[in-house]
Amino acid sequence: MLHGVSLDVARGGITGVLGPNGSGKTTLLRMLSGALRPTSGEVRLDGAPIESIPKRGLARRLAVVPQEIHPVFDYTVLDLALMGRYAHLGPFGFETALDLLAVRRALAATGTADLECRHFDTLSGGEKQRVVIASALAQFEEDTRDEGRLLVLDEPTAALDLHYQIEVAQLLRRLADDRGLTLLVTTHDLQFAWQVCDRVVLLQDGRVLADGPTEETLTPAHLHALYGVRVDRMTHPDGSVSLVPASLVGDRGRRAPTPVLAMHGARR
Amino acid sequence: MRAPAESGVVRTAAWDPHDPRAAAQAAAGRRRQAWRIYGLFGTLLLAAIVGAPLVGSTPLDLRAVLDRTRPFADNLDAQIFFIARLPRVLAAGLVGATLAVAGVVMQALLRNPLATPFTLGVSSGSALGAMLALTFLPTWTGGALTSVPLASLAGALGAVAIVYALAQVRHRGFSTDVLLLAGVTLNAFFSALILLVQYLSDFTETMRTMRWLMGDLDVAGYRPLVIAMGLLLPAAVAFAWLPRSLNALALGAEQAGSRGVPVLGVQRLAFFAASLATGVAVSLAGPIGFVGIIVPHLVRLLVGADHRIVMPASALFGAAFLMACDALARLVLSPVELPVGVVTAVVGAPFFLWLLIRKT
Amino acid sequence: MLLVFVGACRPREDARATAEAATAGPRVVSLVPAVTEMLFAVGAGPQVVGVSSYDKHPAEVATRPRVGALLDPDLERILSLKPDLVVTYGSQTALHEQLARANIATFTYRHGGIGDTLETFEAVATRVGRGDAGRAAAQVLRAQLTGIRMRVEGQPRPRTLLVFGREPGSIRHVWASGGVGFLHELLDVAGADNVFGDVARENIQATSELLLARAPEVIVELRAETRVAESPSPWLALPGVPAVRQGRVLALTGDQMVVPGPRLGQAAEALARALHPDAFAHQPK
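Protein chains in written order, with numbering that gives the first Met the number 0: chain U, 0 to 267; chain G, 0 to 359; chain E, 0 to 284.
These are calculated hints, taken from the structure and not from any lab test. Some hints could be false.
Stated by the list, open to error - The following label-pair restraints were derived from C-beta to C-beta distances:
#	chain 1	residue 1	chain 2	residue 2	range
1	E	Leu80	G	Pro233	53 to 61 Å
2	E	Gly111	G	Val331	21 to 29 Å
3	E	Leu70	G	Phe135	14 to 22 Å
4	G	Leu113	U	Cys116	48 to 56 Å
5	G	Ala187	U	Gly147	46 to 54 Å
6	G	Ala239	U	Ala224	54 to 62 Å
7	G	Val331	E	Gly114	28 to 36 Å
8	U	Leu161	G	Ala348	42 to 50 Å
Stated by the list, open to error - Examples of chain G residues lying across from chain U (beta carbon under 8 Å, computed):
#	residue
9	Ala25
10	Arg243
11	Gly256
12	Gly259
13	Ala348
14	Pro349
15	Arg357
Stated by the list, open to error - Stretches of chain E that chain G covers, calculated by requiring three or more beta carbons in the stretch to come under 8 Å of a beta carbon on chain G:
#	region
16	91-102
17	155-167
18	198-211
These numbers come from a predicted model, not from an experiment. Glycine residues also receive a C-beta, built at the ideal position from the N, C-alpha and C atoms.
Take the sequences, apply the hints, and build the full model.
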């Protein structure tokens, strides 16, 4: 699925990976996080081949947040977040005060501390996403800045409404700026990428189309090449930027109003 | 992109997330809670161990049972207690605990709450082995073990090997989907073979095999128990190692992997330990149904999903549950006995249906 | 109901009988081994044109076509043998309906005690036109049983466990005769008391607790076929049982022990000889 992709991610900052469906984003993430082995080429973390790093050691430096998570059993938020401490504790025994401290800090950092005793299934999509991020954060060694800690997120906002999208965006920025994490994020959301990422990689058919600072990569030309859609980049008077796809379905006013499916005053 | 006013604010909790003392208290609290639950289920098991040997088709005089002055050979009460009832109660405990834990492990491994220890074909392989022995090897004995339990254990291991091989062929890792499909198919295939063997065999043997399939805990002695415990030991060691990994596995194999879980190793260990344990339990007492699914679910309802608590609690509760079911089987139509598998199913099926309706 | 049904069929049977003078009487297919034996015993053997999969006795049954058994009667084969009468089990209701549709009479076998066997003997003999022979044979059987009962009269009646099934090599899944059925009655004829005589069931699973509690003085194991002796005896697991302690665990082999037919007399005698060797000591077998 990937054809000769090379990518260097520097410490710190947020790198976004964009590309149409099937362009290899998820494959790229899985390879970078060591879940998938490349058939040729290699992945290195701090200079060491990723498959040579013991799994537990790797888990303390690299955490992955998938698009969605469906635990088969009904765990509490605290239980779920504590699973992030696996690499610190091994298979036996119960968590120590240190583990609990790390997890509570992670929950606090993601604004989910007061959900500790709730059951994961009862949370909203945004809360779930943040709890899973907390669980991933809990994987890292506490209070180290000297080693590259990498947080990989696969479409963190795909299932979220606007409000939660912004919350997660702000959370990711805080993690990069205040805690010195290195973030790698895939997304389909141009606006999100523009706002959050320091650097953007555009993937097309398993090849890198463009790679560089966000302002230089998210250009109408690149985006047209990537999606085949005209995207307008508009700068507002206050300096903020909107990336707006041009309408492809024609003028809204001219569409036929005949209803196919109708519902009137339904209640439940 | 301007943030909504209330977003991004770290909500305050009742405790300070950065206070190490509060964290230490919480950690100690969690540990205490776990031990409280172990204690509770342990007490339940203790009650079952004390209570179950006291009931049966024959009224026993406990004073006579414990009377050391009378020689054992003349003490009928003591003989019934120590030769017939105690081994039977212990067998119920061993089999109940094993099936319950194997059920927990299978459900976590297959990420499917409806999985049972018998889902992957272990029991039908075991049954086929027993059936073949009953039909074609009626007189063969191999030292300490007789043909039927030995053949059923061999059948279980055969089924395990086939399912494992199938799961490997399609997938270089350990595909739980393939595992599940292979298990279900193998179950159907073995069941067909069992029917074929029954069809070809004599009528009295058919009845005997039917009875074997209903499960029976009357082991009449300690030797089968000792052998079974020896075979269960490696599985028990594996079970002790699994809980935290199974917790992580509940999130999905890849998620577990990114948290540092050696996924493939854990899956293999869980699969072989649960299968071996199930095979031993079935060869000891036949395929007693429902224990492996009711007990884990009931325990999860009571204590949550954490496998470090669910697994020991299921073992304790599974043992107590099967002891109680077996006591019921002995009592209801005394002196005629109900097959214990019938009791677990009659108690278990309505409960399970209730659980299903409640879930959806 | 049955009589009406039988009456309706009678003319057809007669017609067939005259048409096939070579074998006098109706052509019979028997799905029940015990009844097959009875038919042969009353001289109706030549009329038996089909037998069940489990028929072994007498030796002539080997030459007859097999038409299935209790669970798998082969209707096509049965019809192809053009029987006038089919002997069936009471539970084979589907078969009864099918045969009724084909206008073939059925004789329904009833499983039960010795009395039922004797009644069946006379009834089936009558149905194949050999009522006198049937009554005579039943009388002989009755006399045999009475003879055995008289011979063991006055002997001590040991409390006996009659086992007809057990997991090989162990004492698990022991199936024994309860207080109902021909095995229980045979035990009574042969001069012993069934330890499960109070249990109103034909068979009972004897758990180790029941074996210890009932404390049989003799254990008799019935086997259809000869088996290699188990060594050591699995019964030694229960040394407290008097029969085990005194070494009175007996094995009787032969399918007459499990087929409630004309050989019940032989079965009773074998049982009586095993239980009371002294009573038969003076007279060679």
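A quick look at each hint next to the structure:
1. E:Leu80 to G:Pro233: 53 to 61 Å: Hint holds: Cβ distance 59 Å, inside 53 to 61 Å.
2. E:Gly111 to G:Val331: 21 to 29 Å: Roughly 26 Å apart at Cβ, these two residues keep to the hinted range, so it holds.
3. E:Leu70 to G:Phe135: 14 to 22 Å: 20 Å Cβ-Cβ, so the 14 to 22 Å window holds.
4. G:Leu113 to U:Cys116: 48 to 56 Å: 28 Å, violated
5. G:Ala187 to U:Gly147: 46 to 54 Å: Check passed, 52 Å falls within 46 to 54 Å.
6. G:Ala239 to U:Ala224: 54 to 62 Å: Holds, at about 57 Å.
7. G:Val331 to E:Gly114: 28 to 36 Å: For G:Val331 and E:Gly114 the Cβ distance comes to about 31 Å; the hint holds.
8. U:Leu161 to G:Ala348: 42 to 50 Å: 48 Å, holds
9. Ala25: 5 Å, holds
10. Arg243: This interface hint holds because 5 Å falls under the 8 Å limit.
11. Gly256: 6 Å, holds
12. Gly259: 3 Å, holds
13. Ala348: Check failed: Cβ of G:Ala348 comes no nearer than 22 Å to chain U, outside 8 Å.
14. Pro349: Result: violated, 22 Å to nearest chain U Cβ.
15. Arg357: 12 Å, violated
16. 91-102: violated (count 0)
17. 155-167: holds (count 4)
18. 198-211: holds (count 10)
When held up to the earlier numbered hints, the structure conflicts with 4, 13, 14, 15 and 16 and fits the remainder.
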